[in-house]
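Taken in order, these protein sequences are the chains called A and B.
As numbered in numbering that gives the first Met the number 0, residues 0 to 248 make up the first sequence, in order.
As numbered in numbering that gives the first Met the number 0, residues 0 to 223 make up the second sequence, in order.
The set of hints was computed from the structure by calculation and includes no laboratory data.
Quick caveat, the model's predicted, so the values are computed rather than measured.
Each residue gets a CB set at the ideal place from its N, CA and C atoms; glycine is no exception.
The reader is advised that the hints may include incorrect statements.
To be verified - Reference listing, derived: stretches of chain B covered by chain A, where coverage requires no fewer than 3 residues with Cβ under 8 Å from a Cβ of chain A: (1) 66 to 76; (2) 159 to 167; (3) 175 to 183.
To be verified - A partial selection of chain B residues facing chain A, derived with a Cβ cut-off under 8 Å: (4) VAL53; (5) ASN79; (6) GLY80; (7) TYR220.
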Amino acid sequence: MYLTEPRLTNIVKKQFLHKLNAYTGVFNSLIVMQLIGIFFGYGAGSGGSSNGGTLTIDYRLSTGDGPVILTLLWAFSMGILVTTLAYRNDAFSFISNRLSHNISSILFLLFASAIAGTLAPLAGSIIKFISLFQSNPFFTEASGLVSSPTDFSIGVMTSILYTVLFASLGYVVGSFVQRSKFVLPLLIAAIFVFPLLQLNMGGLDFIAKIVAFFGSETSLLLFLMKIVVTVSIFFAISIRVTTKTEVRK
Amino acid sequence: MSGLLSLIFIALIIWYFLQGRKKSTRQMTKKWTYVFLATYAAILIIATIAVELVDTTSLNGQPEAESNENLNLITNAIQNGDIGSIDSSKILNKRTQTIGKTLQMNAQGNDIHSTIIVERKSENDGLIEETLIKPLLLLGDYDFSNQLNYKIPEWTTDSVTFLEPPLTEITYTTYQEAYLLSQFTHTSRQRNNSHHTSERQIAVHLLVPKDLIITADERLYINE
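Okay, chain B solo, but in the shape it has when bound:
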């Protein structure tokens, strides 16, 4: 759509200049040329300053992504069941469920990508300690985790249901400086590389009694 608008605009410019050549009355005077040039320059300077004043507040709205090292630490901690080492800010919730001798794990929907880790206790205390770890969504260098929709598992007696998360739609725009201009500056210029996506739905860590019998829906991926 915007491409079409650009073409229409260019066509209009060409048409205007072609018309101008036919009629000498449309010839721009020298004085007006410099007036136009000065006005154009003034508009550009105003836009340059204005865009930064607005830009700063907009940028602060979306946090920058953490370092890869930190993210790997969290991922490894989840995979290894080392929940204690995960920062409390990454924990969504901690719940305790009473359970009998069996647990039925159900799935509702096809797109359930929650990481489920089951760890067994050394005793049969009839309790499941559930830890929910926040979802993660990184787009390029920015953290969009707070915009990723999710649904936490629903518990009933002796069963838990993992639900398909609601649809998340994210639209964003990135402006990059002209390639030539960033030759001597430190501005990141990653082009397509800057649009890599890292996504992880909520992770669920279940600390279950030693001899609990678990049956699970085949659509669920469980690390035990």
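Just chain A, with the same shape it has in the complex:
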């Protein structure tokens, strides 16, 4: 019994604000990753040349894939990162328990994913911008903020949802790794062995089935529901797995 009984929401709020100040490093790494993605998207774009007698055609293809892919990688690594020991100990500078720590971390992940997911499609504009001034004629096969704001917004929404998915995947992986160090070698083995095994599930291999579950969805609403359910499961597993971890292990 205390004079002031701490409420979970207040603790979570304080921890979340603390994490916004303490985990600024993840935003530095986000900028670096997206800059690398921009250079990959521009520099590593495919292209070709065709020569037929008196006609020579040289074309370059730059894509916005680079920043998006590297943002997803960043989200996955960030998910793992916030479960690591240094970050966990940091959270217990406050009156805290495992649940409040998890909730504030999840809120931080969602917040950071929303920022990263919004910036990723915008980063493609830099690639577009550089390509535009380096080549004439220049063609674009992309939804523009001004020309098709609805498609652009859907693109941003898609990017945020995928970023949240990867961040939550990283978080659940990180939670397992924190629980037992044996998980890490198993995980690495699984990453390499799973594709080799080509586990069949109704004609499609396991990995392809998972990719198709999200990637083949054509309805944004259904996709949103799939992401919400999957992310909720991931976070619930993470909370369950880490509940019994010592406060300062």
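Start from chain A and add chain B according to the hints.
Relative to the frame of chain A, chain B by itself:
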């Protein structure tokens, strides 16, 4: 070249961060992190808007390709000698040449891909009616026909020479949205398929007198 630049850039970033770890004075403050993030976001938003404002005028410079149906109609009309059905905007020129009893068709150069169609009249009026149809160059979804160089046939008395067209060099860049982002949008995402090329040099339709004797260079492909 650009790939090399990317690698150099990544190496510089890694080097900077490695240096930063050694010296604590280079540690970025929390405030500066958010300042950088806000600046980065602002640059991206400005670039997103700016690129569209420039982009629109650039896109309008190159017309989109006509539908396959229209193109097939023109091709069939040329092959069948049905010149009357071809839209006047596709006709480059119409000329009339006076001719004797023979016509010598020469070729100058090896890369002559002009479509030559010879159609005979029902009378011997001593005139050749020549119709030149514009060349065609489609790259993906865009029409580059106005950039394709060509040379029209040169006529002398009782002979015509088909010339090799001057070299045409076209360089273009296409930007495609990130694959994941176009999952729910209508943005075309054809990747390599979007770079198919359709090319046709000028087509020459010759309406010749009934009994004209034609001798042609073997490098020419003539539909009669």
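For each hint, the structure was consulted:
Requiring three or more residues with a Cβ within less than 8 Å of a Cβ of chain A, the coverage given for the stretch 66 to 76 of chain B is violated, as only 0 such residues are present. Coverage of the stretch 159 to 167 of chain B by chain A holds [criterion: at least 3 residues with CB-CB distance below 8 Å; count 5]. Residues of the stretch 175 to 183 of chain B lying with their CB closer than 8 Å to a CB of chain A number 9, which satisfies the three-residue condition for coverage. About 6 Å separates the beta-carbon of B:VAL53 from the nearest beta-carbon of chain A, less than 8 Å, and the hint is met.
About 26 Å separates the beta-carbon of B:ASN79 from the nearest beta-carbon of chain A, more than 8 Å, and the hint is not met. Contact between B:GLY80 and chain A, as hinted, is not supported at the beta carbon level, the nearest pair being about 26 Å apart and thus beyond 8 Å. The closest approach between the C-beta of B:TYR220 and any C-beta of chain A is roughly 14 Å, which is over the 8 Å cut-off, so the hint fails.
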